[in-house]
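In order, the protein sequence lines correspond to chains X and B. The working numbering puts the first residue of the first sequence at 171, with every later residue one more than the last. The working numbering puts the first residue of the second sequence at 171, with every later residue one more than the last.
A portion of the hints provided could be inaccurate.
Straight-line C-alpha distance at most 20 Å; calculated PhoX-like pairs for lysine-lysine [as the list claims (entries may be wrong)]: (1) Lys509(X) / Lys509(B); (2) Lys393(X) / Lys409(X); (3) Lys409(B) / Lys393(B); (4) Lys511(X) / Lys393(B); (5) Lys509(B) / Lys409(X); (6) Lys409(X) / Lys393(B).
Derived Cβ-Cβ restraints for the label pairs, each shown as a range [unchecked claim]: (7) Met577(B) / Ala546(X): 56 to 64 Å; (8) Asp470(X) / Asp512(B): 18 to 26 Å; (9) Ser250(X) / Asp574(B): 28 to 36 Å; (10) Gly600(X) / Asp255(B): 42 to 50 Å; (11) His573(X) / Ala467(B): 49 to 57 Å; (12) Ile592(X) / His259(B): 23 to 31 Å; (13) Leu611(B) / His573(X): 29 to 37 Å; (14) Arg232(X) / Ala467(B): 39 to 47 Å; (15) Gln175(B) / Cys533(X): 29 to 37 Å; (16) Ile592(X) / Asp195(B): 50 to 58 Å; (17) Lys393(X) / Phe547(B): 40 to 48 Å; (18) Gly564(X) / Met577(B): 37 to 45 Å; (19) Ser250(X) / Thr559(B): 42 to 50 Å; (20) Lys409(X) / Asp195(B): 51 to 59 Å.
To be clear, the hints were calculated from the coordinates, so they are not data collected in a lab. Note that this is a predicted model, so its numbers are computed, not measured. Using N, Cα and C, we set each Cβ at its ideal position, and we do this for glycine too.
Each chain, letter by letter, is given below.
Number of protein chains: 2
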Amino acid sequence: MADEQTTALMTDMYEYTMLDAALRDGTAQRRCVFEVFTRHLPEGRRYGVVAGTGRILDALERFHLSDSDLAFLADRSIVSRETIDWLEHFQFSGRISGYREGEMFFPNSPILQVEGTFAECVLLETLLLSVLNYDSAVASAASRMVTSAKDRPCMDMGGRRTNESAAVAASRAAIVGGFQGTANLLAAKMYDLPAIGTAAHCFTLLHDSERDAFQAQIDALGKNTTLLVDTYNIEEAVKTAVEVAGTELGGVRIDSGDLAALAQRVRNQLDALGARNTTITVTNDLDEYALASLQSAPVDSYGVGTMLVTGSGAPTCAMVYKLEERENRDGVMQPVAKKSKDKATVPGRKLAYRSYEYQLADCEHVIAGSEEQLNAFQPQDNWKDLFVTYVGHGQIDHSYQGHDAIMNAHRHRAEALRELPIAAQSLMKGDPAIPTETTVL
Amino acid sequence: MADEQTTALMTDMYEYTMLDAALRDGTAQRRCVFEVFTRHLPEGRRYGVVAGTGRILDALERFHLSDSDLAFLADRSIVSRETIDWLEHFQFSGRISGYREGEMFFPNSPILQVEGTFAECVLLETLLLSVLNYDSAVASAASRMVTSAKDRPCMDMGGRRTNESAAVAASRAAIVGGFQGTANLLAAKMYDLPAIGTAAHCFTLLHDSERDAFQAQIDALGKNTTLLVDTYNIEEAVKTAVEVAGTELGGVRIDSGDLAALAQRVRNQLDALGARNTTITVTNDLDEYALASLQSAPVDSYGVGTMLVTGSGAPTCAMVYKLEERENRDGVMQPVAKKSKDKATVPGRKLAYRSYEYQLADCEHVIAGSEEQLNAFQPQDNWKDLFVTYVGHGQIDHSYQGHDAIMNAHRHRAEALRELPIAAQSLMKGDPAIPTETTVL
Numbered sequence: 171m172a173d174e175q176t177t178a179l180m181t182d183m184y185e186y187t188m189l190d191a192a193l194r195d196g197t198a199q200r201r202c203v204f205e206v207f208t209r210h211l212p213e214g215r216r217y218g219v220v221a222g223t224g225r226i227l228d229a230l231e232r233f234h235l236s237d238s239d240l241a242f243l244a245d246r247s248i249v250s251r252e253t254i255d256w257l258e259h260f261q262f263s264g265r266i267s268g269y270r271e272g273e274m275f276f277p278n279s280p281i282l283q284v285e286g287t288f289a290e291c292v293l294l295e296t297l298l299l300s301v302l303n304y305d306s307a308v309a310s311a312a313s314r315m316v317t318s319a320k321d322r323p324c325m326d327m328g329g330r331r332t333n334e335s336a337a338v339a340a341s342r343a344a345i346v347g348g349f350q351g352t353a354n355l356l357a358a359k360m361y362d363l364p365a366i367g368t369a370a371h372c373f374t375l376l377h378d379s380e381r382d383a384f385q386a387q388i389d390a391l392g393k394n395t396t397l398l399v400d401t402y403n404i405e406e407a408v409k410t411a412v413e414v415a416g417t418e419l420g421g422v423r424i425d426s427g428d429l430a431a432l433a434q435r436v437r438n439q440l441d442a443l444g445a446r447n448t449t450i451t452v453t454n455d456l457d458e459y460a461l462a463s464l465q466s467a468p469v470d471s472y473g474v475g476t477m478l479v480t481g482s483g484a485p486t487c488a489m490v491y492k493l494e495e496r497e498n499r500d501g502v503m504q505p506v507a508k509k510s511k512d513k514a515t516v517p518g519r520k521l522a523y524r525s526y527e528y529q530l531a532d533c534e535h536v537i538a539g540s541e542e543q544l545n546a547f548q549p550q551d552n553w554k555d556l557f558v559t560y561v562g563h564g565q566i567d568h569s570y571q572g573h574d575a576i577m578n579a580h581r582h583r584a585e586a587l588r589e590l591p592i593a594a595q596s597l598m599k600g601d602p603a604i605p606t607e608t609t610v611l
Numbered sequence: 171m172a173d174e175q176t177t178a179l180m181t182d183m184y185e186y187t188m189l190d191a192a193l194r195d196g197t198a199q200r201r202c203v204f205e206v207f208t209r210h211l212p213e214g215r216r217y218g219v220v221a222g223t224g225r226i227l228d229a230l231e232r233f234h235l236s237d238s239d240l241a242f243l244a245d246r247s248i249v250s251r252e253t254i255d256w257l258e259h260f261q262f263s264g265r266i267s268g269y270r271e272g273e274m275f276f277p278n279s280p281i282l283q284v285e286g287t288f289a290e291c292v293l294l295e296t297l298l299l300s301v302l303n304y305d306s307a308v309a310s311a312a313s314r315m316v317t318s319a320k321d322r323p324c325m326d327m328g329g330r331r332t333n334e335s336a337a338v339a340a341s342r343a344a345i346v347g348g349f350q351g352t353a354n355l356l357a358a359k360m361y362d363l364p365a366i367g368t369a370a371h372c373f374t375l376l377h378d379s380e381r382d383a384f385q386a387q388i389d390a391l392g393k394n395t396t397l398l399v400d401t402y403n404i405e406e407a408v409k410t411a412v413e414v415a416g417t418e419l420g421g422v423r424i425d426s427g428d429l430a431a432l433a434q435r436v437r438n439q440l441d442a443l444g445a446r447n448t449t450i451t452v453t454n455d456l457d458e459y460a461l462a463s464l465q466s467a468p469v470d471s472y473g474v475g476t477m478l479v480t481g482s483g484a485p486t487c488a489m490v491y492k493l494e495e496r497e498n499r500d501g502v503m504q505p506v507a508k509k510s511k512d513k514a515t516v517p518g519r520k521l522a523y524r525s526y527e528y529q530l531a532d533c534e535h536v537i538a539g540s541e542e543q544l545n546a547f548q549p550q551d552n553w554k555d556l557f558v559t560y561v562g563h564g565q566i567d568h569s570y571q572g573h574d575a576i577m578n579a580h581r582h583r584a585e586a587l588r589e590l591p592i593a594a595q596s597l598m599k600g601d602p603a604i605p606t607e608t609t610v611l
């Protein structure tokens, strides 16, 4: 398998040294249950949005060690010869279940549950966390922005403000979080997402006059294009734009200054020029607060960059991957938990439900216990089971990958948010929108 | 060329639509100079550290369009048939120069300068910014942490808290910023960096007793390994660790609680047990402020995660890519600049020097003008030229790529920081360590 396609070294070294030590003493084959959760949301946030599970499945398909990966582990003496032999044939054969993409999560929600031997579960830790922590941070920020934008479409334009591969993940997570499209072409290609973009200031500066630039853009992209009007003087640019394109001009974009005031002036100017259907897009360092303040301005769509791809102040979730249950030396499954200060965990595998009253969510229920106890557990009638199965016996459910899965997640987010108390949509800092009750059976 | 290896779609759509329009009206062949700079440092920061230019060169080598990339652009009608034909043979043939990796930068420093036709320069915009904005954010944070850690080595353990590919870039940038090693195996493999890691809490939990876990780790990794001692009770764990490994035990790691107080207790306990050479590593949500507060605690090395890979409050730099000079319709090079509110730029290509008095930097000098003027410009004797040439006539200088370049950047950062006024090393919010004077010739 080509080197570039493998994901098995996208991980911390200790996953491999633990594997090595556990293979040596036989504990590597113990059945284990690991879970991903976060102890807290970013300060004042009411909910988070799960994103990235589809990408985890993509990465799992490429979780093999290439010859050069194996040579690296051997040359550095990171693991023993026996472990190299084991890794040559490694394939995850366990089970992965958890929250849907687009689902709301809260502190202690068991977002992902991974079951298998210690060996196969431990190797996935870093990669699963990298994907979920970043993608969910972006989707969670996106969701707040979409709420603030009301019915106006939000477009991802943030690729230049994050790592070039993170940018692709961010575009995807933005769609999960409620965005409508992205400027990023690789994301558009990989996931069949709507792509947007027309021209930057440099295109106007390249030309001898703004008129030449607008004419060139319209010749290439048609009158329905969006012209960027703030390179020199906005009022003159809008006049020139309508002169060149006529009143059928698709749209104008404003990328600087007081966006609300400028949008109002430009709207009035466009209307006066007869360009009543020409739309206005604004794009200058927007976040959920700026979007909320633009609600009464005559804006048709938003381009959001930096604050989207950096999670609007919370560039990562604090998700962790913890061992919850494992076989003991007698082959009996036992709940386990560390007792580290401020980091203690509730032992045992979990189930998760959301309860409703009058179609409105009122509580997240996390049930911890043994497999037997959880199999016998009877949820109440108004409880929704939050778990889906992504991987069973090593077989990936492909319905959670690719374009359709992203659009399902996009729709699910909107529905799940509507079912939360309206306080979830507040930008004021506060507690999680619903409480989480943990029951140990 | 295999799809996975191309970088040409790691970009915003408008770069391609601008190319398309400019090819159509002939302006695509105009010679242009673009520059990367930032208008401001993150609030209160005294300097930034350039990182990522070596990765830009790596990405440039793979900046071709695969057949499926071209098919995507055609199928979506993003560009015309003629542009597809042009793109099939695209190769950057221009010049890239700028600040060294590991160099300090300030507001308006011309960090990177790209010269070529509009067509070839515009296509690089998003990718260059993605790399520089993220890598420099991490290196800048790393540099402050390393200063706070004094002579104690800092290790990157942040991969799980950022996108899985960003994690690899972050490891590399951390080394540029002064770190000594990384937990990330793919970064260690790609760039031949020191890798570190032993075991997590799950390894202790996997075993029937902490003693079993320690024994297993020592059997596999030797007595020189680092044992994690805060899964249950630190005092008991330290006792068990020395019982199992003897006084040759390499180190212990503490990942929770009041690190300074715990390190002191553990140091005393280890010493009392005769394990005087056993080192102490601490790793719990460290940032530059936490590291500064640990200076008097008996700690030997630090593992830094979240705050490193998220830029310690500044997860991206605000670097932009602006057209500074271009040919007009008569083939004459002309400085250009937009006038957008709060975003106006100084027209013209730039040179950059740093002046010194008594071996101490006192000012950054940015000189703007035409190529002729800059060629004739005579810097003063105590001015250092900050530019190096990365790419000339499309030919990459490979000395700026790979392991050696990273280690050169690592050393350069340390030297350049020593040459800045000591206020640069302050964690107090303040102005840039030296002023930047821009002179328009």
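Hints, verified against the model:
1. Lys509(X) / Lys509(B): violated, 59 Å
2. Lys393(X) / Lys409(X): holds, 15 Å
3. Lys409(B) / Lys393(B): Holds, at about 15 Å.
4. Lys511(X) / Lys393(B): violated, 27 Å
5. Lys509(B) / Lys409(X): With a Cα-Cα distance of about 17 Å, the restraint between lysine 509(B) and lysine 409(X) holds, given a limit of 20 Å.
6. Lys409(X) / Lys393(B): violated, 77 Å
7. Met577(B) / Ala546(X): 56 to 64 Å: holds, 59 Å
8. Asp470(X) / Asp512(B): 18 to 26 Å: holds, 23 Å
9. Ser250(X) / Asp574(B): 28 to 36 Å: 31 Å Cβ-Cβ, so the 28 to 36 Å window holds.
10. Gly600(X) / Asp255(B): 42 to 50 Å: Taking Cβ atoms as reference, glycine 600(X) and aspartate 255(B) lie about 57 Å apart, which means the hint is violated.
11. His573(X) / Ala467(B): 49 to 57 Å: Between histidine 573(X) and alanine 467(B), where Cβ atoms are some 52 Å apart, the hint holds.
12. Ile592(X) / His259(B): 23 to 31 Å: violated, 57 Å
13. Leu611(B) / His573(X): 29 to 37 Å: At 53 Å between Cβs, range violated.
14. Arg232(X) / Ala467(B): 39 to 47 Å: The hint (39 to 47 Å, Cβ to Cβ) holds, given that arginine 232(X) and alanine 467(B) are roughly 42 Å apart.
15. Gln175(B) / Cys533(X): 29 to 37 Å: Cβ of glutamine 175(B) to Cβ of cysteine 533(X): about 49 Å, so the range 29 to 37 Å is violated.
16. Ile592(X) / Asp195(B): 50 to 58 Å: holds, 52 Å
17. Lys393(X) / Phe547(B): 40 to 48 Å: Holds, at about 46 Å.
18. Gly564(X) / Met577(B): 37 to 45 Å: holds, 41 Å
19. Ser250(X) / Thr559(B): 42 to 50 Å: holds, 46 Å
20. Lys409(X) / Asp195(B): 51 to 59 Å: Given range 51 to 59 Å: violated, Cβ gap about 21 Å.
Going down the numbered hints, you'll see the structure goes against 1, 4, 6, 10, 12, 13, 15 and 20, while the others check out.
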